[in-house]
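Asks: Letter by letter, the chains look like this.
Number of protein chains: 2
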Amino acid sequence: MRLALAQINATVGDLVGNAARIAEYVRRAEDLGADLTVFPELCLTGYPPEDLLLLPRFLRSAQETLKELAAGLPPRVPCLVGTIDGRPGELANAAVLIFGRRVRAVYRKKLLPNYGVFDEKRYFVPGEDPLLLRVRDALVGVTICEDIWVPRGPAWEASRRGAQLIVNISASPYDAGKIHQRIKLLKDRVRESRAAFAYCNLVGGQDELVFDGGSLVLDAKGRVAARAPQFREHLLTVDIDLSPSRRTPSGLVIVPVPIPASRRPGVPASPITPPLSEFDEVYSALVLGTRDYLRKNGFTKAVIGLSGGIDSALVACVAVDALGPENVVGVTLPSRFNSAETRSDAEVTAKNLGIAFQSIPIEGVVREFLKVLAPVFAGRPPDLAEENLQARVRGTILMALSNKFGWLVLTTGNKSETSVGYTTLYGDTAGGFAVIKDIPKTLVYRLSLWRNGRPGGPVIPETTLARPPTAELRENQKDQDTLPPYDLLDRVVQMYVEENRGLADIAKTGIDSKVAERLLKLVDLSEYKRRQSPPGIKITPRAFGRDRRMPITNKFRQ
Amino acid sequence: MRLALAQINATVGDLVGNAARIAEYVRRAEDLGADLTVFPELCLTGYPPEDLLLLPRFLRSAQETLKELAAGLPPRVPCLVGTIDGRPGELANAAVLIFGRRVRAVYRKKLLPNYGVFDEKRYFVPGEDPLLLRVRDALVGVTICEDIWVPRGPAWEASRRGAQLIVNISASPYDAGKIHQRIKLLKDRVRESRAAFAYCNLVGGQDELVFDGGSLVLDAKGRVAARAPQFREHLLTVDIDLSPSRRTPSGLVIVPVPIPASRRPGVPASPITPPLSEFDEVYSALVLGTRDYLRKNGFTKAVIGLSGGIDSALVACVAVDALGPENVVGVTLPSRFNSAETRSDAEVTAKNLGIAFQSIPIEGVVREFLKVLAPVFAGRPPDLAEENLQARVRGTILMALSNKFGWLVLTTGNKSETSVGYTTLYGDTAGGFAVIKDIPKTLVYRLSLWRNGRPGGPVIPETTLARPPTAELRENQKDQDTLPPYDLLDRVVQMYVEENRGLADIAKTGIDSKVAERLLKLVDLSEYKRRQSPPGIKITPRAFGRDRRMPITNKFRQ
Chain A
154 MRLALAQINA
164 TVGDLVGNAA
174 RIAEYVRRAE
184 DLGADLTVFP
194 ELCLTGYPPE
204 DLLLLPRFLR
214 SAQETLKELA
224 AGLPPRVPCL
234 VGTIDGRPGE
244 LANAAVLIFG
254 RRVRAVYRKK
264 LLPNYGVFDE
274 KRYFVPGEDP
284 LLLRVRDALV
294 GVTICEDIWV
304 PRGPAWEASR
314 RGAQLIVNIS
324 ASPYDAGKIH
334 QRIKLLKDRV
344 RESRAAFAYC
354 NLVGGQDELV
364 FDGGSLVLDA
374 KGRVAARAPQ
384 FREHLLTVDI
394 DLSPSRRTPS
404 GLVIVPVPIP
414 ASRRPGVPAS
424 PITPPLSEFD
434 EVYSALVLGT
444 RDYLRKNGFT
454 KAVIGLSGGI
464 DSALVACVAV
474 DALGPENVVG
484 VTLPSRFNSA
494 ETRSDAEVTA
504 KNLGIAFQSI
514 PIEGVVREFL
524 KVLAPVFAGR
534 PPDLAEENLQ
544 ARVRGTILMA
554 LSNKFGWLVL
564 TTGNKSETSV
574 GYTTLYGDTA
584 GGFAVIKDIP
594 KTLVYRLSLW
604 RNGRPGGPVI
614 PETTLARPPT
624 AELRENQKDQ
634 DTLPPYDLLD
644 RVVQMYVEEN
654 RGLADIAKTG
664 IDSKVAERLL
674 KLVDLSEYKR
684 RQSPPGIKIT
694 PRAFGRDRRM
704 PITNKFRQ
Chain B
154 MRLALAQINA
164 TVGDLVGNAA
174 RIAEYVRRAE
184 DLGADLTVFP
194 ELCLTGYPPE
204 DLLLLPRFLR
214 SAQETLKELA
224 AGLPPRVPCL
234 VGTIDGRPGE
244 LANAAVLIFG
254 RRVRAVYRKK
264 LLPNYGVFDE
274 KRYFVPGEDP
284 LLLRVRDALV
294 GVTICEDIWV
304 PRGPAWEASR
314 RGAQLIVNIS
324 ASPYDAGKIH
334 QRIKLLKDRV
344 RESRAAFAYC
354 NLVGGQDELV
364 FDGGSLVLDA
374 KGRVAARAPQ
384 FREHLLTVDI
394 DLSPSRRTPS
404 GLVIVPVPIP
414 ASRRPGVPAS
424 PITPPLSEFD
434 EVYSALVLGT
444 RDYLRKNGFT
454 KAVIGLSGGI
464 DSALVACVAV
474 DALGPENVVG
484 VTLPSRFNSA
494 ETRSDAEVTA
504 KNLGIAFQSI
514 PIEGVVREFL
524 KVLAPVFAGR
534 PPDLAEENLQ
544 ARVRGTILMA
554 LSNKFGWLVL
564 TTGNKSETSV
574 GYTTLYGDTA
584 GGFAVIKDIP
594 KTLVYRLSLW
604 RNGRPGGPVI
614 PETTLARPPT
624 AELRENQKDQ
634 DTLPPYDLLD
644 RVVQMYVEEN
654 RGLADIAKTG
664 IDSKVAERLL
674 KLVDLSEYKR
684 RQSPPGIKIT
694 PRAFGRDRRM
704 PITNKFRQ
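Just so you know, the sequences run in chain order A and B.
Heads up, the first sequence stops at 711 in the working numbering, and the numbers go up one at a time, no gaps.
Heads up, the second sequence stops at 711 in the working numbering, and the numbers go up one at a time, no gaps.
Hint data in this document are derived by calculation from the structure and do not stem from the laboratory.
Careful: at least some of the hints might be erroneous.
To be verified - Quick list of the computed label-pair ranges, beta carbon to beta carbon:
id	chain 1	residue 1	chain 2	residue 2	range
1	B	385	A	431	25 to 33 Å
2	A	185	B	334	31 to 39 Å
3	A	266	B	385	52 to 60 Å
4	A	433	B	633	51 to 59 Å
5	B	451	A	619	39 to 47 Å
Unchecked claim - Calculated lysine-lysine pairs in the DSS-like style (CA-CA distance at most 25 Å, straight line):
id	chain 1	residue 1	chain 2	residue 2
6	B	557	A	524
7	B	220	A	708
8	B	708	A	674
9	B	557	A	274
10	A	631	A	661
11	A	661	A	708
12	A	274	B	708
Please read these numbers as outputs of a predicted model, since none were measured by experiment.
Ideal placement from N, C-alpha and C gives every residue a C-beta, glycine not left out.
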């Protein structure tokens with residue numbers, strides 16, 4: 154049986170565009186003589202469509218687009234497409250089988266995730282019936298994403314009813330290393346059900362989520378038969394051998410799939426793209442997430458405040474790799490607290506990346522602010538108010554450039570400072586997209602070193618990498634005047650935020666409990682800042698945002 | 154039977170504080186000789202606790218606090234308290250019956266809302282068993298919130314098993330006029346089940362939600378026997394006559410409740426507080442929501458940018474009524490585009506309210522910004538960039554005051570401008586709490602007139618009420634240069650946002666379809682701004698925020 158897994162990049166709400174993309178890939182699969190072409194979960198609507206699913210006219214449009222899509226596809230090229238099925242109140246997350254110019258069968262997702270970033274029980278009712286296809290005499294069971302994430306679930310049930318191959322269509326959001334988790338999971342399912350598995354995953358960025366593709370076919374022995382690349386569209390084709398099944402399970406509708414009319418070219422090589430290395434993978438997620446956020450929201454160019462520090466340098470690298478150097482503008486916004494060295498580092502980074510670079514000094518504006526505030530501030534010593542003021546002047550200038558030229562401001566805050574609120578609201582958090590908001594500072598360093606090691610040579614200056622982190626908002630300021638060292642901070646944040654561990658538990662790991670207590674309190678008290686910060690790319694198992702829904706008003710402590 | 158419904162104001166996460174409040178009300182109910190004292194849904198944890206419910210240590214703390222609470226309560230005063238029950242993975246939203254120093258019975262909520270602002274399926278598993286109490290020979294069925302919102306649901310089932318009185322503990326979030334919907338609903342349930350109903354609702358503000366109390370007792374004929382006031386704590390006591398039940402339903406655990414030891418004073422009058430009038434109700438929700446957001450987050454004082462317009466005037470009224478005039482500071486931030494009349498209106502409003510008032514002109518700062526931007530902006534005509542700049546200078550000054558003095562900035566944007574994005578991100582949206590973000594402009598006018606009509610006389614100047622709305626960001630600017638009249642705009646927003654109606658449907662009401670199309674597009678395109686705006690009080694059936702979860706990246710149009 155020749156399978157084609159079409160790992161496409163869909164856009165939420167773009168029904169017509171997504172349908173056109175599906176049609177294009179079906180035609181490519183036809184040329185390759187595929188018996189069955191498989192598309193990701195909800196690829197007609199984009200994933201996740203969120204409250205669009207509550208609009209009756211969206212449901213109608215999706216149904217109409219599906220009908221038109223089916224009518225326009227080559228009739229003898231069976232394909233399985235992820236879309237919605239049913240009316241408001243009984244809507245399902247579905248896989249529809251199309252051939253002969255119309256929808257022939259519908260499978261409704263049984264297990265609806267309602268945890269983490271998922272809200273599927275807000276929108277969908279669970280399906281009840283299995284769907285088995287007969288393809289070239291073999292039995293194929295259909296499942297959707299979560300359906301294969303539990304032992305003895307719908308995939309296993311389908312195999313018990315005779316399915317020799319389980320197809321799973323997914324929209325599985327990326328976090329670091331998740332591809333290895335998926336491979337392990339699929340091998341577990343193979344062992345349990347003794348069926349082959351074909352896993353087709355979405356690719357692309359959608360607000361805070363990146364879908365990483367990496368579609369995969371395992372044979373019934375659990376061996377990888379084919380694997381698609383991550384982070385880009387791909388049509389993965391593979392021939393798998395399944396013996397003809399004599400079983401005709403009773404009480405089940407089995408949909409026979411026609412054999413394609415087209416001539417079959419020689420068996421294509423089964424490509425097995427190895428998973429990316431750790432840093433390549435995370436960096437690629439940042440690049441795709443950034444590129445897609447701009448592209449899908451109609452932006453071409455981005456502007457970044459380059460401080461000479463490592464965070465903005467890394468964001469500039471990502472932006473250049475996502476958009477091209479001609480579409481990135483670096484702006485340095487020096488005050489009297491910026492050293493000559495950081496100013497020069499900002500310029501060198503811009504030059505190394507080949508991006509436009511401007512310098513707009515903020516000293517005069519800050520002075521004028523302090524002048525009008527002087528009567529009110531009289532007698533009060535300088536404090537955070539004056540520090541934040543500088544950050545807000547910078548934010549205001551970047552937003553003025555954004556408004557004047559239509560550039561999207563990329564913010565440069567990392568997860569460490571976002572966690573403990575070491576940021577200025579409307580200052581360094583001002584912007585459209587927070588590229589590295591889920592990257593801890595220690596990982597910022599590692600990614601920067603990795604990026605510097607890529608072909609083309611180092612981009613981020615040695616001095617930027619070596620300098621102790623500083624916000625440069627007062628004389629000789631260092632992050633570590635206020636915060637514990639980042640390796641410690643990042644460990645605490647990981648335990649508290651990602652692993653839901655409390656103070657007692659964290660203290661047991663040997664971390665000073667006074668230090669930990671202060672950090673946890675800072676994380677809690679900064680929720681209001683995060684709530685007003687721009688979206689950014691989820692990289693860790695628990696990102697701030699839809700993934701971690703903490704109240705702002707919250708008196709629970711530890 | 155003497156019932157006491159304790160409509161308390163709980164705080165999310167404040168287990169110890171909430172337990173103390175429960176104990177205080179139990180003692181008050183004891184003095185009144187209540188047979189059963191009822192508390193709102195999840196009043197021990199606060200509602201909604203959101204992802205606190207994913208923390209094992211939070212669940213443990215709640216269990217321990219409950220045990221301590223039960224041990225410390227007067228032993229012969231039975232009470233029903235809303236809290237959580239069970240371990241992670243099988244957690245329930247529960248009502249626990251306490252007497253004799255410990256928990257005697259647990260009811261687990263059956264119907265879990267997972268729509269609108271609710272995410273209960275993210276946290277809870279549904280209960281299966283009914284709970285019936287025998288109180289002075291009568292049978293009482295226990296239900297929780299959503300359990301009574303569907304016909305023939307858990308309340309009806311309890312009545313079929315013999316319950317003569319259904320107690321419902323709720324945390325039902327406010328929207329305008331919802332109390333009338335609840336009364337109708339309860340009457341429907343009475344008719345269906347022929348039982349009396351006692352409905353105990355939470356009161357207080359929690360981030361974007363306000364709970365309005367208004368607890369209520371209906372007799373088995375559907376007549377109101379008692380009703381608590383809205384928007385404040387109250388202990389509602391009432392005697393209701395229930396004939397002794399001879400039924401002993403089989404297969405059911407019926408928990409007998411002891412008769413209190415205390416002497417019973419004379420039957421208390423059954424107070425029936427009438428619901429508030431339309432504007433009083435909405436205004437009271439704003440006052441309570443604002444007061445609780447500040448108080449529960451540790452703020453005493455608020456600062457408001459007073460433009461001389463109606464939005465900031467109304468917010469100042471709410472702030473004064475919530476916090477007292479001594480805790481509100483008005484700041485006017487004039488530029489050359491502000492007329493002498495608006496400046497004077499701002500001052501008059503502050504004087505009428507008796508609040509501190511400061512004037513900080515922004516002209517010098519704006520000029521300095523334009524100077525440093527001049528080389529980059531060279532050759533470009535003034536546009537939105539220059540307008541937004543002024544708003545951001547104002548936002549920055551208000552935030553500087555906030556940082557220096559610990560005042561919370563209240564923003565003044567209404568729902569009309571929030572909908573269509575007629576706001577400046579990091580400018581007029583900069584602040585901690587958006588008091589009127591869910592109040593359409595037309596309602597801003599009505600509320601202002603109503604507030605002016607209250608005892609004490611008008612506060613908002615006539616000229617403010619009469620002047621055509623203007624942002625005053627350029628010469629002779631009027632909102633209606635850019636937007637259709639607000640009565641039209643508000644009708645379109647209501648249909649599109651609150652009623653989920655599309656363009657075709659809206660055009661059918663006689664609204665020009667070109668105008669409507671432009672407005673809908675503005676609503677869609679402004680999602681990114683709303684995502685970075687401060688929280689504010691839900692007033693309508695569908696507020697922006699957790700209530701309406703639209704993707705930012707979204708190509709669906711109409």
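Asks: Does the alpha-carbon distance linking residue 557 of chain B and residue 274 of chain A stay inside the 25 Å limit?
Replies: Violated, at about 45 Å.
Asks: Hinted pair, alpha-carbon criterion (25 Å max): residue 274 of chain A, residue 708 of chain B. Please report holds or violated.
Replies: Cα-Cα ~23 Å, so holds.
Asks: Please verify whether residue 661 of chain A and residue 708 of chain A have alpha carbons no more than 25 Å apart.
Replies: Holds, because 24 Å separates the two Cα atoms, which is no more than 25 Å.
Asks: Does residue 557 of chain B pair with residue 524 of chain A here, judged by a C-alpha cut-off of 25 Å?
Replies: This hinted pair holds, its Cα atoms lying about 15 Å apart.
Asks: How does the Cβ-Cβ distance of residue 451 of chain B and residue 619 of chain A compare with 39 to 47 Å: does it lie in that range?
Replies: Once the Cβ atoms are compared, 40 Å apart, the range 39 to 47 Å for residue 619 of chain A and residue 451 of chain B holds.
Asks: Please check whether residue 266 of chain A and residue 385 of chain B have a Cβ separation lying inside 52 to 60 Å.
Replies: violated, 40 Å
Asks: Below or equal to 25 Å on CA atoms is what counts here, so check residue 708 of chain B against residue 674 of chain A.
Replies: Distance of about 40 Å is beyond 25 Å: violated.
Asks: So the hint says 31 to 39 Å: do the beta-carbon atoms of residue 185 of chain A and residue 334 of chain B match that?
Replies: The hinted range 31 to 39 Å is violated for residue 185 of chain A and residue 334 of chain B, with Cβ atoms some 58 Å apart.
Asks: Please check whether residue 385 of chain B and residue 431 of chain A have a Cβ separation lying inside 25 to 33 Å.
Replies: At 56 Å between Cβs, range violated.
Asks: Would you mind confirming whether the straight-line C-alpha gap from residue 631 of chain A to residue 661 of chain A stays at or under 25 Å?
Replies: violated, 29 Å
Asks: Against the range 51 to 59 Å, how does the distance between the Cβ atoms of residue 433 of chain A and residue 633 of chain B compare: consistent or not?
Replies: holds, 54 Å
Asks: CA of residue 220 of chain B to CA of residue 708 of chain A, is that 25 Å or under?
Replies: Roughly 20 Å between the alpha carbons, so the hint for residue 220 of chain B and residue 708 of chain A holds.
Hints 1, 2, 3, 8, 9 and 10, counting from the list given before, are not met by this structure.
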